[in-house]
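Engineer: Chain by chain, the residues:
There are 2 protein chains.
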Amino acid sequence: MDKTVELYDSTLRDGAQAEGIAFSVEDKLNITKMLDRLGITYIEAGNPASNPKDIEYFKRVKNIHLSKSKICAFGSTRHRGVSISDDIGVKALLMAGTDTVAIFGKSWDLHVTKVLRTTLHENLNMIRETVAFFKAAGKEVIFDAEHFFDGYRQNSRYAMETLKAACEGGADVLCLCDTNGASYMNEIFELTCKVINRFGKRTAIHCHNDMGLAVANSMIAVDAGAVQVQGTFLGFGERCGNADLSTLLANLQLKRGINCIPEENMQLLTTVSRGIAEIANIKLPHDHPYVGSCAFAHKGGMHIDGVRKIPQSFEHISPDTVGNERKFLFSEFSGRSTVLSEIRKIDPTISKDSPQTRKVMQRIKELEHYGYQFEGAPAAVELLIRKVLGLYKPFFELEHYKIIGEQPAKDDNMSSTAVIKIKVGGKSEITAAQGDGPVHALDNALRKALSVFYPSLSDVRLIDYKVRVMEPRDATASKVRVLIETTDGKNNWSCVGVSSDVIKASWIALVDSIEYKLTMDYEKAAKKDTVK
Amino acid sequence: MDKTVELYDSTLRDGAQAEGIAFSVEDKLNITKMLDRLGITYIEAGNPASNPKDIEYFKRVKNIHLSKSKICAFGSTRHRGVSISDDIGVKALLMAGTDTVAIFGKSWDLHVTKVLRTTLHENLNMIRETVAFFKAAGKEVIFDAEHFFDGYRQNSRYAMETLKAACEGGADVLCLCDTNGASYMNEIFELTCKVINRFGKRTAIHCHNDMGLAVANSMIAVDAGAVQVQGTFLGFGERCGNADLSTLLANLQLKRGINCIPEENMQLLTTVSRGIAEIANIKLPHDHPYVGSCAFAHKGGMHIDGVRKIPQSFEHISPDTVGNERKFLFSEFSGRSTVLSEIRKIDPTISKDSPQTRKVMQRIKELEHYGYQFEGAPAAVELLIRKVLGLYKPFFELEHYKIIGEQPAKDDNMSSTAVIKIKVGGKSEITAAQGDGPVHALDNALRKALSVFYPSLSDVRLIDYKVRVMEPRDATASKVRVLIETTDGKNNWSCVGVSSDVIKASWIALVDSIEYKLTMDYEKAAKKDTVK
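Note that the protein sequences, when read in sequence, are chains A and B.
Numbered according to the working numbering, the first sequence spans residues 53 to 584.
Numbered according to the working numbering, the second sequence spans residues 53 to 584.
Hints listed in this document are in silico derivations from the structure and should not be mistaken for laboratory results.
Fair warning: there could be bad hints in the mix.
Given that identical chains are not distinguished, each listed pair holds provided it fits within a single copy or across any two copies.
Below, in silico cross-link-like pairs of lysine-lysine (BS3-like), each with a Cα-Cα straight-line distance of 30 Å or less [claimed, not checked]: (1) K253 - K531; (2) K55 - K531; (3) K576 - K397; (4) K166 - K454; (5) K307 - K500; (6) K411 - K143; (7) K114 - K85; (8) K417 - K105; (9) K411 - K439; (10) K335 - K462; (11) K216 - K542.
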């Protein structure tokens, strides 16, 4: 691979413009770490002038060691008629303290006169002075020429003058934006060539998907010589979204032989994409290129037959290249080999054709049909295998629980009370605990009761709790899937529960997570005994 | 418009290969009528040899009067080593009784030898004879050259020979299929040109979306001279789906000036697309180009300001061209002007600088900071404005509620019981209801108690319920945001609640949704009184 393209991710800034997305500072820091791990060159993380949360982010991200990614703050040119040193937006951007800034300015005369309501001349000053200010402050400056293509269509000379002003200010990168997603591939190609020929700068492309062409247009710009591609993971963004960086990354590196991320990281693509979707709480479409759960799923009989004979017959790449996997729909469960390898970790004597393998597969299928999803929950799979194989030792029995929630609450942070009675080896324990909500109360009560018998549970605590409503059409009686992540300070594990009752779904996941911990402790102790 | 392109819709055939899609015959007939109303040229409706449901469809569709669309049946070339008159697939295809048939054959030598396991020579005979058979039967024949592009890449000479065999059989249309979605735009362009130059036939393109390029590749093929475009509505299809015909239709006709459907039908595009999604029971993504609910939604403050001044500033077409509409989303990004226009709907005398505007803005900001999100919930905003402006009449008071959940449950589908006491104008009402989970029970109890005073509430029901956990690191004590959508059979509205207790968050949203309904009823009655 000789050619290199810088990927510039704006999931945290432009992606947050999508309906339904509102990242907390914690969310943003987590996504930053994921993108760095994948090897994305730039992370455009927010606009400090428009959002107080972003100011906190820029402070906190300095304490995170990033091995690959550069953090970039985004802001506009100075306001019209304001001196650069008095502009609050410019000040906020400087305060973000990043080495790189992206400055967007207007390249469409209509926006200058009708939206900003200033003169064409003043807009050029705003661009030139703002870029120059940040260059003087020692920053790398990317100039985002907003509406460059729309502007060029209407007033080509002026659109080019805005780029010239940015170059006069000393911009390092000229980014051509198809802000309205209105441009067709031939325009993108021709104008990208023209800009590179005229200014000789590093040139970037930033596309939107209003015509469903954002990925194609971005690739065409690279064909024309662009060396930086801006986009968002999974294409999140205002209106119809931005160019989908997850797809672009795979297309550029795997199909066009262009170096974007370290080659060995490509297999993280699916995990990172799904992780970001999870944090954004957006359901990743099954059919999303490369990373969707059906991107390599085969349903047609002839397709399944073909893939069984030769995978490439209906697969454009091997799914594991991007960390995804093949699936056969309406036929045998796909992950047989994955499941088998899990089974063998517990009992190495079991083979592909053992009746136990069939039983485990069948149980997984049933649960998946019911709404379970084990992708994020290997601990749950391990427990399930042990139970099906008869290798599970029960640690306790539930006699009953009762939960009482009330409003007005006596204590505002403790609106629920759980009473629980369990039995361990013939001995019963009844106890109660309060919590902020029914699941919290139940979790507290269960661990309180069990700690009497299993002191190691006192180190266990939940660190993540996710609820997903699965069939929203039935409103409050719809099924929910609860995923919880637990830690004992050394290891983390995740379990899952599904029910139409959120408390019951949580209960299933809670119990699994505790049973998993106790099983692991038991196994460890048994091993020690054997060694003795 | 001089140039015309035929649209060939395969939603009912290739679209049905998508995960989660299974059309009944009735579904197929309904979609057929929708596509005809829109003016789609061809409807590929099924493969009678592989699916008995399709046989019934082809019988029943003959009784429907179609004004624009031609129905096409899909099938393969005859099997290897079988005489054409004995081939069951060929017989089934003939029995479908359509004027047009699509015959797919293998253009990739690998598929011929390794998947079909026959000779390259026999495959050419299969193609030639099958096409000739249907031509002799008086049909229009479209030859689908499966894997044409992949095949050409590996054995260009043989791929071209398969097209030649189809031409010798008398094929009317040569359709070039990028079956694996593995081809890049320049390949599509060059090979489409080459085929048109060599055979001079009507040439079609059929793309898949594994690289996110199906729409772009289809358009490039049209640039190269293809006169027929195959796709599916909303891009449904195996793996990552097919070329999205809804997007292609708008791109070709509105952006490239190519005639595809009667001009006056373009505004049906959104309705037809959403109707098909509804029948397929697939949630249409908000950000789908042209037809998604957010395709023309604006969230960023500057975008909203721009669109208010001049719509084209951030809209590539006017949303009503395709029957969609503009939307302003409320968010931490959106400015004063959006809020003001909502305030003015209630009290037109209030201006941008009124103290009330400041108070409303402040309240929205506080709530957003707490975790509320109003972009999906305009009813919640309206209620909030009324409350801040002192224009809200309270309809009831909560005295208290208690919720009891228990396991084991006496009735498996009714694990929770809610007791509620409310007060309306001095009169108290206490009641209880069961539900599948605590929120369900509470919803049932609240509406039961209130219906005593407000009978119109008996028509009200929840149609959507979403839970989002916001700070998952705090595990079960994290804050949750609940969004509920309610209907009274005529109108739908959404409300939102945030709390660390899922029941309390649901309660807030439930109460808001009921208060909204009662306020609207009250306003309507008051208006009537004024008219009197």
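Engineer: Hint by hint, say whether it matches the structure.
Structural biologist: Now the hints, each set against the structure:
1. K253 - K531: neither (54 Å within a copy, 47 Å between copies)
2. K55 - K531: Neither way: K55 and K531 sit 49 Å apart in one copy and 47 Å across, limit 30 Å.
3. K576 - K397: Within one copy only: 15 Å inside, 67 Å across.
4. K166 - K454: neither (64 Å within a copy, 57 Å between copies)
5. K307 - K500: The answer is neither: 54 Å in one copy and 61 Å across copies each exceed 30 Å.
6. K411 - K143: The answer is between: 28 Å across copies meets 30 Å, while 64 Å in one copy does not.
7. K114 - K85: within (12 Å within a copy, 59 Å between copies)
8. K417 - K105: Between. Shortest inter-copy distance 13 Å satisfies the 30 Å Cα cut-off; intra-copy 43 Å does not.
9. K411 - K439: Within one copy, since 11 Å is at most 30 Å while 59 Å is not.
10. K335 - K462: The answer is neither: 36 Å in one copy and 35 Å across copies each exceed 30 Å.
11. K216 - K542: Neither: 57 Å inside a chain and 56 Å across chains, both beyond 30 Å.
Violated hints for the displayed structure, listed by number in ascending order: 1, 2, 4, 5, 10, 11.
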